[in-house]
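Student: These are the residues of each chain, in order.
Protein chains: 4
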Amino acid sequence: MSSVRRIYERDSVEFGRALAFSDGLFAIAMTLLIVAITVPNIQDGDSVSDLASALNDRSADFVSFFISFAVIGRYWMAHHQSVSLLKAMDQRYLSLNLVYLAFIAFLPFPTALLGEYFENPLSIAIYATNVAAVSGMEVALFRHAYRSDLLERQPPPDVYRFGVLMAISPVIFFIVSIPFAFISTSLAVGIWFLGIPLGALSNRWKPDGADEVLLG
Amino acid sequence: MSSVRRIYERDSVEFGRALAFSDGLFAIAMTLLIVAITVPNIQDGDSVSDLASALNDRSADFVSFFISFAVIGRYWMAHHQSVSLLKAMDQRYLSLNLVYLAFIAFLPFPTALLGEYFENPLSIAIYATNVAAVSGMEVALFRHAYRSDLLERQPPPDVYRFGVLMAISPVIFFIVSIPFAFISTSLAVGIWFLGIPLGALSNRWKPDGADEVLLG
Amino acid sequence: MSSVRRIYERDSVEFGRALAFSDGLFAIAMTLLIVAITVPNIQDGDSVSDLASALNDRSADFVSFFISFAVIGRYWMAHHQSVSLLKAMDQRYLSLNLVYLAFIAFLPFPTALLGEYFENPLSIAIYATNVAAVSGMEVALFRHAYRSDLLERQPPPDVYRFGVLMAISPVIFFIVSIPFAFISTSLAVGIWFLGIPLGALSNRWKPDGADEVLLG
Amino acid sequence: MSSVRRIYERDSVEFGRALAFSDGLFAIAMTLLIVAITVPNIQDGDSVSDLASALNDRSADFVSFFISFAVIGRYWMAHHQSVSLLKAMDQRYLSLNLVYLAFIAFLPFPTALLGEYFENPLSIAIYATNVAAVSGMEVALFRHAYRSDLLERQPPPDVYRFGVLMAISPVIFFIVSIPFAFISTSLAVGIWFLGIPLGALSNRWKPDGADEVLLG
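Chains as they are written, first to last, in the working numbering: chain A, 1 to 216; chain B, 217 to 432; chain C, 433 to 648; chain D, 649 to 864.
Treat the hints loosely; a few may be bogus.
List time: in silico DMTMM-like cross-link candidates among lysine to aspartate or glutamate, alpha-carbon distance up to 25 Å [to be verified]:
#	chain 1	residue 1	chain 2	residue 2
1	C	K519	B	E225
2	B	K303	C	E584
3	A	K87	D	E662
4	D	K735	A	E152
5	A	K87	D	E657
6	C	K519	D	D659
7	D	K735	B	D227
8	B	K303	C	E441
9	A	K87	B	E225
10	C	K519	B	D227
11	D	K735	C	E446
12	C	K638	B	D306
13	B	K303	A	D90
14	A	K87	D	D659
15	B	K303	D	D659
16	D	K735	C	D522
17	D	K735	A	E9
18	D	K735	A	D11
19	D	K854	C	D522
20	A	K87	C	D443
21	C	K519	D	E800
22	B	K303	C	D443
23	C	K519	B	E230
24	D	K735	C	D443
25	A	K87	B	D227
26	A	K206	A	D158
27	B	K422	A	D90
28	A	K87	B	E368
29	D	K735	C	E441
30	C	K519	B	D306
31	B	K303	A	D11
32	B	K303	A	E14
33	C	K519	D	E657
34	A	K206	D	D738
35	C	K519	A	D11
36	B	K303	A	E9
37	A	K87	D	D738
None of these hints come from the bench; they were simulated from the model.
Chain A extracted, bound-state conformation (with noise of 0.2 Å):
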């Protein structure tokens, strides 16, 4: 729409602002499943055993809960650690920014739907597609920023090419996880994990010096 680029620079109000946007939504997503969660009415109200059972039956709330928690937790280091490399924003990263947090507010829905269905494939293949959406839309941010000369030491074209393979191999585990969720929900849990030894195991080919410029 316009010519002109607008370019944010790190200790401006503007880029501020989009850290203190997004860490107000992170904050709201996380904090959300537990309005869902009511104090169970029991009839006997002294009655620990009745409490118990009460509160047995909603444990599938306080373990979406946790997860939720932990999910959107580890997303928001990420984000965190992301951001920090940054000199500065344009307004393209505020739109992909935007993209992205849509998709981390939307994830307490499938994680209570899997808390709630664990055994349904669709279940599975939901949450699978919501958190690869969320980890695309890592990728796109870094790329833009890559691209657009945004980061504060650009790194040199192996490095990024590992960091973007790094970034996009959760992408592909649960994309590929989903037609398996068809046959057994446990098998594509488990392709899920395969990305941990594969993450591990790739540091080997990690170029020298990527450490330094994509951690710090």
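Based on these hints, arrange chains B, C and D on the given structure of chain A.
Tutor: Leaving out everything else, chains B, C and D in the frame of chain A:
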């Protein structure tokens, strides 16, 4: 109430607070609709088709969430952009900003209404009114900033008039669409989208230097 | 508990945190009421009159939302203004601010109660008590800032007394109105609005230099 | 995962983000309980006694809201104080902070449970566990800051040990109280409050210079 006018400079704590508050409100308004979407209750928890049809029943909720996120996200981008032109705020700007935010906070309701009753002219009319109010307040904020010398670079009169015209045009399109909604809701929505080619067209009449002042 | 008094200067991270926290809480309290408003269920989704009457049934909710937004928004403006006079905060100020915020966070409930049962003296009494508590805490915050030398420009005693009087007068009006609510709710609300001409009148007795110190 | 340790200095954007995120989460957790309190439905809207008795039925909700606000508010004060001693954060500090915040976000649920079933030993046990977890994480955060040289002024070993002991004592009191709750819930709550005179007493054994380092 007072003869002394308080000015809050760009780097003051007070300027930052107004934005932290606005960004918090934007973040809440954008995540709010997800609360309303509860996990469905189905008999056979492992059945893909049962879960699919139960989720399909609330597809309007999902659509509302993402549309609402996109609409408010677009307003956040505009607010971010518009505040980036300011060198300071005064109390009147803060008050106008509060009125603007009230309409932003209300937006999820008409969006959900539209998602549920898209064929109903009243939904269209309420949504159009809310959106026109938000856009109208954008104009009021910009106009006040221009008249009270709050802009970093004061635009020449022809650029200012062009900026106001650009900002006011969606208000007009939305208000004009309301009576047409009672003939056909699709016609009304068509009028909303008419604004896009017209916006592109209007770039022809853009005064020299408008981009530099308004965007950068 | 400690003999060492911590002081957080205006530009410290800690001063900023107290405001980010306060602003987050304000933003949540102001958007909270919209959650309660759900999209109505009507038989004939295309009927304008059915939707209009369904929305009319929850008109009290809409009114509550906007009144609550306006009331809390006005308190945000006052908090913003009052903090702009500070050069520092101490831990006691933070504690008093938390008590103040507790009453702000509670406000949506009495507002909704008033919207639903305007004719009921008890609604009026609860609302008036809550508002008096908020205004009372404003006075406590200002008084503590004055006595503990936290203000940027220490006002002379007559200006300070005038400021306290101005701040305490709404408390008195709201408390006095409570017994009258049990005679007539409109009479009680009338007493609330009596504060406005009296505030204007009191400007006559304003000491010289009050504006400069209290507002600027 | 990486051999490079990232350090975020006090005045960096990244240090600020961690606090903005924490403060947002605190603010949401503190205002959350008010959402659960809905305006009662009464037949005769003008009857003071009907409204009074309807509100009385949800008095547990009001008590829960204010207790929860006070408890989480007290933790916010402690977090604010504890972070003010830091000169920097690292990624491990951020992770520990997330675990800490998960227990803060969960707190409204046990508080509401306690408000509803105060006589039930299980409510007491769940609340005591949650509170012990929060206090335990406070210790873990302080311990990590001490060991990883993140404190502005590194305390001498005796002051550090005293600080840990002071912070760990509520954890012990809360855990010890749990078995007693199954004998008498009032006895368990009594043990909680035993911590206060003991805290005052412990000031006698405070090493010289503890206040200067730990508070200021």
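Student: Which earlier hints can't be squared with this structure?
Tutor: No numbers; nothing is violated.
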